[in-house]
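> Based on these hints, arrange chains B, C and D on the given structure of chain A.
There are 4 protein chains.
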Amino acid sequence: MSELGELAVRMRRFAHEREWERFHTPKNLAMALAGEAGEVLAELQWLTPEESARVMDDEEAAGRLRGEVADVTLYLVRLADVLGIDLVAAAHAKLDESDRRYTVAEYRGSARKAPPLS
Amino acid sequence: MSELGELAVRMRRFAHEREWERFHTPKNLAMALAGEAGEVLAELQWLTPEESARVMDDEEAAGRLRGEVADVTLYLVRLADVLGIDLVAAAHAKLDESDRRYTVAEYRGSARKAPPLS
Amino acid sequence: MSELGELAVRMRRFAHEREWERFHTPKNLAMALAGEAGEVLAELQWLTPEESARVMDDEEAAGRLRGEVADVTLYLVRLADVLGIDLVAAAHAKLDESDRRYTVAEYRGSARKAPPLS
Amino acid sequence: MSELGELAVRMRRFAHEREWERFHTPKNLAMALAGEAGEVLAELQWLTPEESARVMDDEEAAGRLRGEVADVTLYLVRLADVLGIDLVAAAHAKLDESDRRYTVAEYRGSARKAPPLS
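Protein chains in written order, with this note's numbering: chain A, 2 to 119; chain B, 2 to 119; chain C, 2 to 119; chain D, 2 to 119.
Isolated chain A, as found in the complex (with noise of 0.2 Å):
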């Protein structure tokens, strides 16, 4: 099994053992997600994007970092397992389409804002 599906196998036990699934629908499950990634913005946002750059030497805020982080990876994994969706096939699928949409010749050096990954 991939790691990914490990950790979805993982995550849906702990929430039957607990009785949480009543608790997991796709509505609230994404409310997680979206929580977590703000707190991974707080984390942030007082930082320059050089001081943002360097956050993983102070011990500390890696620390917090790496646990907002993987609480976002927990609910993302979770909502895509609920949702059927398989995250890394939807994903090459997604930079499929930025392959295409951003060629290299067009987009490379550009000065103009840009999405860079979709």
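Treat the hints with caution; some may be incorrect.
Any copy, or any two copies together, can satisfy a pair, since identical chains are not distinguished.
[Said to hold, decoys possible] Simulated pairs of lysine to aspartate or glutamate, EDC-like, Cα-Cα distance not exceeding 20 Å:
# : residue 1 : residue 2
1 : LYS95     : GLU18
2 : LYS95     : GLU107
3 : LYS95     : GLU61
4 : LYS95     : GLU7
5 : LYS95     : GLU22
6 : LYS95     : GLU60
Treat the hints as calculated values from the structure; they're not laboratory data.
Predicted model, so just to flag it, every value in this text is computed and none were measured.
Frame of chain A, contents of chains B, C and D only:
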């Protein structure tokens, strides 16, 4: 290489070819991550919990949701890559913690509001 | 002066006295705004819609929610002040648009998913 | 009536005329609020802090940002109305707390990361 490792490598190359690395600070990627999580919310915000559980039955809504969830995945994987965080290891560490904190004995069937995953 | 104008002036002074203006770029304030909106989500994410409608009956939850909603207000007012946006005028302009776009004749009682305000 | 009170009344009527009140649970409105805060992020995510400080000089970007900030305002005012929260009073109460917590003597010119408003 793991499936997330491959995705990270593909995005690293995607950004490199377009000279977009300077846009990909942790600060900017966290904003993009939260923005995409907001797009997931927008797909589900007016649905009842029950409707949200059936959202993938509607082909058009399913396609949009798959795309938004993919965008979250892409920015999460890219952010973790830039920060040097192993997403899967961090997620399992968080679940280990949750296993200790929310014991089955104490939380099963509990009516009290509980943070299901972390 | 209007009530929002007074709030903006108070925050301007608050930031000035602490020499925190350099932190208050539109970029940083937008992150803080979204982070606080995420805190509001966290208060409501495991509640059913019906429970959410009664959330203010619980004194403790009400206090937390009031605090989070206040934080969103503070960062929104500060962001608008820094950007030179008149919040109330901008909101009315958006509602004028919605009045034209979502006519009562066409949308009343409509079962279709609809973006209620804008 | 105050300017926010008028805005709340206008939105109450807007929702009532379209029979959209059932969509406006605190849960749904919190999702809409966070979704719109995500749209604000999207406008600023690839800008440097300096570029973000000049974003209103670009007429097109200014128009989009004004629209997104207006959407946040609308959902915030509507959420507060539905919850029975007085936004301005709650915001001043939060600032009273911040005044006590972040004293000028201790925080002025402080290099340490600080949550500027609340």
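> Against this structure, judge whether each hint is valid.
Hints, one by one, checked against the model:
1. LYS95 to GLU18: between (35 Å within a copy, 17 Å between copies)
2. LYS95 to GLU107: within (19 Å within a copy, 35 Å between copies)
3. LYS95 to GLU61: The answer is between: 16 Å across copies meets 20 Å, while 34 Å in one copy does not.
4. LYS95 to GLU7: Close across copies (15 Å), not inside one copy (23 Å); limit 20 Å.
5. LYS95 to GLU22: between (29 Å within a copy, 19 Å between copies)
6. LYS95 to GLU60: Answer is between: at 17 Å across copies they meet the 20 Å cutoff, but 34 Å inside does not.
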